[in-house]
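Participant: Residues per chain, in single letters:
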Amino acid sequence: MNRRDFLKGLVGTSYVVLSGSSVLAPLNALAASGAKASDGWLTTGSHFGAFKMKRKNGVIDQVIPFDRDKYPTDMINGVKGLVYNPSRVRYPMVRLDFLLKGHKSDTSQRGDFRFVRVTWDKALSLFKDSLDEVQTKYGPSGLHAGQTGWRATGQLHSSTSHMQRAVGMHGNFVKKVGDYSTGAGQTILPYILGSTEVYAQGTSWPLILENSKTIILWSNDPYKNLQVGWNAETHESYAYLAELKEKVAKGEIRVISIDPVVTKTQQYLGCEQLYVNPQTDVALMLGIAHEMVAKNLHDTKFIEGYSLGFDRFLPYIQGETDGVEKTPEWAAEITGVSAEIIRDLAKVMTKSRTQMLMGWCIQRQQHGEQPYWMAAVLATMIGQIGLPGGGISYGHHYSSIGVPSSGAAAPGAFPRNLDEDQKPLFNSNDFKGTSSTIPVARWIDAILEPGKTIDSNGSKVTFPDIKMMVFSGNNPWNHHQDRNRMKQAFQKLECVVTIDMNWTATCRFSDIVLPACTTFERNDIDVYGSYANRGVLAMQKMVEPLYESLSDFEIFTRFARIMGKEKEYTRGMTEREWLNKLYTDCKNANAGKFEMPEFDEFWKQGYVHFGEGKPWTRHAAFREDPEINPLGTPSGLIEIFSRKIAQYQYDDCPGHPTWMEKSERSHGGPGSDKFPVWMQSCHPDKRLHSQMCESEQYRETYTVNGREPVYLNPNDAKKRGIKAGDVVRVFNDRGQLLAGAVVSNNFPKGVIRIHEGAWYGPVGEDGSKEGGAEIGALCSYGDPNTLTQDIGTSKLAQACSAYTCLVEFEKYQGKVPRVSSFSGPVEIAL
Amino acid sequence: MSTETANPVNQARSTIYQLLSSLFAKEIDHKTLHELTSTQAQAFWSQLAAEASFKADVDVLVAEFAKLNSDKALLELAADYCGLFLVGTKNSASPYASLYLTDTPVAKGDEPLLFGEQHQQMTQFLKQSQLQVQSEFPEPADHLAVILAYVAHINMHCSNQQQLEFIRDNLANWLATFVAKVAKVDTGNFYIALAQLTLAWVNSDLEWLESED
Amino acid sequence: MRWLLNIWRTLTKPAQYLTLGTVSVSAFLMGVIFWGGFNTALEATNTEAFCISCHSMESMPYKELQETVHWSNHSGVRATCPDCHVPHEWSRKIGRKIEASHDVWGWLLQTVNTPEKFEDKRLEMASREWKRFDRDNSLACKNCHNYDSMKWDSMSKLAQKQMKRAAELDQSCIDCHKGIAHKLPDMGTARAPELIAEVGSGVNGLEVDQSYFTALTKPVYFNEKTDVEAGTLNIATKVKVLELKGNRAKIGIDGWRKKIGAGRVIYYDFGLNILSAQLTKDAALEEGVIQTFEEKEDPMTGLKWQRVEAVIWTDTDYLLSDLQPLWNYARSTYSDSCSVCHTQPDEAHFDANTWPGMFQGMIAFVNMDQDTQALVQKYLQEHSSTFNKSAH
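Residue numbers (this note's numbering), protein chains in the order written: chain P, 1 to 830; chain Z, 831 to 1043; chain Y, 1044 to 1435.
By construction, these hints were calculated from the structure, which means they are not laboratory data.
Please read these numbers as outputs of a predicted model, since none were measured by experiment.
For each residue, glycine too, the CB sits at the ideal point set by N, CA and C.
Heads up, a few of these hints could be off.
Facing chain P, according to a computed beta carbon distance under 7 Å, are these residues of chain Z, among others [as the list claims (entries may be wrong)]: (1) 839; (2) 958; (3) 960; (4) 968; (5) 976; (6) 999; (7) 1002.
Keeping only pairs whose Cα atoms sit at most 20 Å apart, straight-line, the calculated DMTMM-like set for lysine to aspartate or glutamate is [to be verified]: (8) Y:1302 x P:624; (9) P:224 x P:272; (10) Y:1207 x P:421.
Pairwise CB distance ranges (calculated) [stated by the list, open to error]: (11) Z:838 x P:119: 36 to 42 Å; (12) Y:1345 x P:272: 38 to 44 Å; (13) Z:859 x P:26: 22 to 28 Å; (14) Z:859 x Y:1375: 22 to 28 Å.
Using the sequences plus the hints, can you model the full thing?
Facilitator: Have a look at this one:
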């Protein structure tokens, strides 16, 4: 039969064509006239910066920094990729077995990625049915909707607020206290310095630059970490770092970076580095304190007038309480820092104005409370707390802390909580004798060991029996420790719901996945300049929500509708009315102090600028009059010894700062015979935690062989036959991952670095098959939390201890599997 | 519309492109299944199977239709569809032209962003023909279903030469790679057969268009 | 009565050519001159046309009124200027008229003849009106809006709760409903305007031997006359009125102090860092100000504490008879403001002495004025696990 005949044969039968409509439609008049959302420049922003974006042919074409951002981050190049990357969650989806069997589904299949598309109505009904089932069967202790984190910026669409308000209108649930970044710090410091410190505004940079003679960067990499901010960041801190660099070059300020590795900041400033063995900072500080006492360098007047309990700490330094004198020699043995240098440090820090700037990494380890406490004690002994350019800060690497604040009021947000007269559908508060609030990093413990009672910050916490989790704009499959333990826990859950814009590992381990649009597909409002609160930014919608994604406001308004509570949820206001309200409330709060135009004018303008702030010194008021301006500690003074903590009688957090050996420690510490290498998993240089890892083209600028880089010491690499670019297997008894080798002298012997935020991409244990759901799976991309330990810092904070982690690594010999973390239609041929 | 292009043969070709488009556009539900297995449809399939290069795949499809006799079976097929076309991840064969037309070395795993050049190009084609993608189909314009539907449109409205050029430059140049990807990652039989049938159909159609010149 | 208006206009129009004295006489004594028509004249001055004829209001408050429900509503009842601004009862009305003769001065001096000037004076003018409403317990409102005839069922639960509480106290409407007919003045310079709008500016007619609670952080003084400050009373602090003289009240504050420094800081109770008052050094050392009682050591800090009673003077304003409205305001502020970034911890999650550290460490992103901050902190402390054992 020739083709023409064949085709003619088909003519008769081919009208079977499906009756459904075509994917094409006539060009409508609006689009034809080109009158749809016009192309051009708009203003918006994110954690990565405030920007201007150009819309061209209906898509985001260009992203350039906001005029007032003089030090934009390179990450701006990844922003487009957040929107148009192939990992977008495009439609509401439900895991097939969950759709078929509901709460009795085979949970061991979680993570194997067999989903079905459903309509929004269906997905939201399933979501509500699951909540109904859990509240009916287990009550509020069965539901944990309290895990929240770095939601995308914007005060109106703040994803965690929407989720918690809507789920809260359905019923009560388990909540968390603390966070992964600063869990130990924010718990210990109120006892010691009377504030969380980590999230408090710090002494202004201009005063530091003017007054400090020595700056100690202790485990602190501000040049890396200031790239991102809690609000739309405008990177003003970098101007001060540039000034500092000049002063370092001229010899006007001495900057010492105390850190096992050469940091990005140190390289930028061209300052000194003092190597210290990982996790031994407390020993180093004790050695310095001993030397201060021995040489009478400490400020006894300040100690007496502003602190309590030095007398009960001194015997520990002098070895009277434990028989070990904390001499520089003793410290040298543990820390790898010579006694001579320790003695010199004591002298340097006390002889002139010294500003200590602490990073957050050292409190994310076992006993992470101790280095923060001991650093506060050192600062007290130096006696410069409350002086400009002196004392101690725990936040200058974060969100423009140290940039003088404008003093203006910032816009409020869509409410997270129920309004006062509102009651949830299921209004039970019966947590069945278990705790309604648990320390943030202990939820996996709770799922695995419900009913267990633990110590926590002076009280007891009894783990609730969690059956269902709801996450929104939150990716615990990045920030929690020990993936294989998480998998065990997730198999015990009946239902997991995740709302996100891209297929994070958390989405993949869920049952119901709902697509949220990105920041750039909705109108919102935010502060720019983070802690500087430099102005208010109009976050103008660039494009309509892609695929079937919706804004958080829309998602939960629909959800509330299903509950019959739409009006309660929105208070009868539209998105635009809310924006107007948030702005106008802010305008009213600033009336008489900061001029702000009417909303429409502001929206057209794109921003309102509040102007510069006045320099300010942290703790100056306290120093001036500690009686009238006491600290928020029990005594109102700095507590070198805390009776309150002492009376808890915690073996892992006694009444004064104490050096305690870690469960695993490199450089001769416990466990180092089997796994000799310490892995640090600090905040990434090219992402905000796990945000932007999915941005394909930008990721390719730093990956090695398509994998997350693992930074290796040259000798360590050579010993294992590894060269730059090799695929390396990093492993311990908890898990295994593949990463791409970067060999660098910035990393000392026995230390490797893999940045956290690398998307988890499990493949079968032998690497040969797709088997992501299996316990023990190999992470094909290089998520360091495949290897970290899931233990609390101590009975006090119960915070995460990701930095207490030993590993071994080798050149990977097996067949290299594809990276399964992201979209992957293109085979990676190796 | 010229009488030359609107002849019954072109109509038949257009219908087949339209059918293929619909099958790639969304999951098969009860209604679609009913239509695909009606008496007339059976006649159509057997006519299609008369062509040797289509027979194997048509047979598979017809056999698969027969197995779709429960909600669960339809859901399993929907899950296959979802894994292949709706989630960009390990098992996926995303149906976007841009992903298969990249010049960058695959070893780097570098992928173009969606809604990129090919999307713009297709949007332009559609616009020229006074068409746009349905708002109920919120996908980039370089989605396979859009391209197939557009071919169905030009079958009726453009000269053979124009059709030939469009198919060669915008469909045939990546379809084989896509089909290979589906064959590699599909865990079922249906979409492999559908993809292979599409490729065979497009190839034979190209041959026919060339021969008609 | 048009003739009267016309006379009024002729009298006042060429004001710039008349001496101030002449016009002043003309102002409200006019009614007396036309003795026979006193009541008639008064009525004339009581119409809207009269008000707006010289209040230069066409552009400002009158226009604002026209956009409110008091101008246009379902029932077709319209409130005009005098309905709200002139008392309906005769003696009060006369008082108000005499008071209003000040307005004539203002009009003459062109105090508010531009929108800018009007805005500058708006708060002052509004405050005078609010005070007046407060004084007569919002009588003008209650002529139309009666607590007794309110339809409770058609209100939201929240409105019901608040309205019922207000009804029980026969509260002045304007306590909550400021800005209902005209634009709310820019209160940016006033302290904690939203808080004060919610809880009111204090009880009228304090009584000796009664206890009250501070609605703001208030200065204290050495005696009933001096302006020399002797320290500050913290917000939401309980004080007992011992004596009243003019605008000052002599008050007693019970509490505990730490025996460090000059012992100037008085706390709520033993071992609890809940601030009640801070005195200047001079005040703390002044004979008769602080009476001291027993001492105890705080086991948590090792510091000695001493029970004290302070006696000092303060202004009679911003003293409330009830603490609950302050707590209500604090609770909703805490719930709204502290949940912007994260879930706010339950009040009882921390103890009274841990809250200051947690709260102070988290307020960088929170919009609260000093008074509200102090109130919220105190609210958290007094609702902490120290007092509420049901936590966890």
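Participant: Hint by hint, note whether the structure agrees.
Facilitator: Here is what the structure says about each hint:
With 7 Å as the threshold, the beta carbon of residue 839 of chain Z comes within range of chain P, its nearest partner Cβ sitting at about 5 Å, so the hint holds. This hint is violated: residue 958 of chain Z has a C-beta 10 Å from the nearest C-beta of chain P, more than the 7 Å allowed. Using the Cβ-Cβ criterion of 7 Å, the hint placing residue 960 of chain Z at the interface with chain P is satisfied: the shortest such distance is roughly 5 Å. Taken as an interface hint, residue 968 of chain Z checks out: its beta carbon lies about 5 Å from the nearest beta carbon of chain P, inside 7 Å.
Checking residue 976 of chain Z against chain P by beta carbon gives a least distance of about 6 Å; that is within 7 Å, so the hint holds. Because the beta carbon of residue 999 of chain Z sits about 19 Å from the nearest beta carbon in chain P, more than 7 Å, this interface hint is broken. Against a cut-off of 7 Å between C-beta atoms, the interface hint on residue 1002 of chain Z is violated, since the closest Cβ of chain P lies about 17 Å away. Between residue 1302 of chain Y and residue 624 of chain P the alpha-carbon distance is near 19 Å, which keeps this suggested pair within the 20 Å criterion.
Taking the CA atoms of residue 224 of chain P and residue 272 of chain P, the gap is about 17 Å. The hint holds against a cut of 20 Å. Restraint check: the Cα-Cα separation between residue 1207 of chain Y and residue 421 of chain P comes to about 14 Å, which is no more than 20 Å; the hinted pair holds. Checked against the hint of 36 to 42 Å, the pair residue 838 of chain Z and residue 119 of chain P passes, with Cβ atoms roughly 38 Å apart. Roughly 40 Å separates the CB atoms of residue 1345 of chain Y and residue 272 of chain P, a value that falls within the hinted 38 to 44 Å.
Against the hinted window of 22 to 28 Å, the Cβ-Cβ separation of residue 859 of chain Z and residue 26 of chain P comes to about 25 Å, which satisfies the hint. A C-beta distance of roughly 49 Å is found between residue 859 of chain Z and residue 1375 of chain Y, which places it outside the suggested range of 22 to 28 Å.
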